[in-house]
Amino acid sequence: MMHVWTWVVVVGLVCAVALTALPDRAPIAEGGPVARVLVIAHRGARSVAPENTLAAARRAAELGADGWELDVQLTKDGELVLMHDDVLTRTTNAREAFPERAPWRVADFTREEIQTLDAGSWFGREDPFGTIRSGEVRAEEAQAFGGERVPTLRDALLASSELDLFVNIELKGTPFAPLSSAGREMVEKVVSLVRELGMAERVIISSFDHERIRYLGEIAPEIPGALLVLSLPPDPVGYVRGYGAEAINPQVSAYDREKARLLHEAGYGVYLWTVNDPRDLARFAAEPYVSGIITDWPQRLRPLVAGR
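Numbering (my numbering), first residue to last: 103 to 410.
Among these hints, one or two may not hold up.
Said to hold, decoys possible - If you anchor each label on the Cβ, the simulated ranges turn out as follows:
#: 1; residue 1: P336; residue 2: G237; range: 45 to 55 Å
#: 2; residue 1: E324; residue 2: P277; range: 22 to 32 Å
#: 3; residue 1: E243; residue 2: E367; range: 41 to 51 Å
#: 4; residue 1: R256; residue 2: A209; range: 17 to 27 Å
#: 5; residue 1: S294; residue 2: A241; range: 40 to 50 Å
#: 6; residue 1: R203; residue 2: G340; range: 40 to 50 Å
#: 7; residue 1: P277; residue 2: A241; range: 37 to 47 Å
#: 8; residue 1: Q245; residue 2: R213; range: 24 to 34 Å
#: 9; residue 1: R235; residue 2: D266; range: 24 to 34 Å
Bear in mind the hints are in silico, worked out from the structure with no lab data behind them.
Glycine is no exception: its CB is placed at the ideal position from the N, C-alpha and C atoms.
Please model the entire structure based on the sequences and the hints provided.
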């Protein structure tokens, strides 16, 4: 997902399928105001655990999230792994482990090589959200993240099922580009895995590359797709329908209540990313046409939506 840092959901577009109870799947929208905004942990509960790891998924579940958003990329040998950046160096020790392999792009490493890396120590070292300094994450807990591995998508889906979380899978790609062979391969591999594990009712697939979502709808209409966007189009309903998606995931600054109402009444989900400011969390938790909120702070959002 882009950093907003800049999913969800653009998903990451982060987006997630609207489920009123898990694991049963409910409609994305039902016409009236949303009964309860879904709490979606961005890359897992990444304010208190290293992002895109199973540790972050576990913390999301412990903090009461309904689901989590994760980012998927293809390795050199065509395996699906969780990684937001195109390069491995921000969240792993790839530079130290493979000093001769600059620029350390995900696509230049095999799954086996990537899974030798430490994807957790950086969190304790950098304290990216200040939660170690504040005491929300204990020092010994942060130290225990050392040695956390980069999960495969299979690892993440199996863990999500065990934790009773739904999953927003963001396919990393280039927006507004023709569908590439790599993009087609990624969609096909994700679809194959979701079908193999019987998890079509527990996932939604999102991307800034909307052609991938169109292709998803063609080959796997049973798996919902979402369009990650930086701004809502003039005709949001027509746009979502045109790509065969079931939801749209705008960044929080692009939210428009009237467009969200039109989408909701047409049966499409609206999932906002990445909502972290306490005032925004309170505001959008009460919005009648927001289906879900992707946030780095599920522990702050959960109490705000509990009464809806």
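Here's how the hints hold up against the structure:
no.	hint	in the structure
1	P336 to G237: 45 to 55 Å	holds, 47 Å
2	E324 to P277: 22 to 32 Å	holds, 25 Å
3	E243 to E367: 41 to 51 Å	holds, 45 Å
4	R256 to A209: 17 to 27 Å	holds, 19 Å
5	S294 to A241: 40 to 50 Å	holds, 42 Å
6	R203 to G340: 40 to 50 Å	holds, 46 Å
7	P277 to A241: 37 to 47 Å	holds, 40 Å
8	Q245 to R213: 24 to 34 Å	holds, 27 Å
9	R235 to D266: 24 to 34 Å	holds, 32 Å
No hint from the list above goes unmet by this structure.
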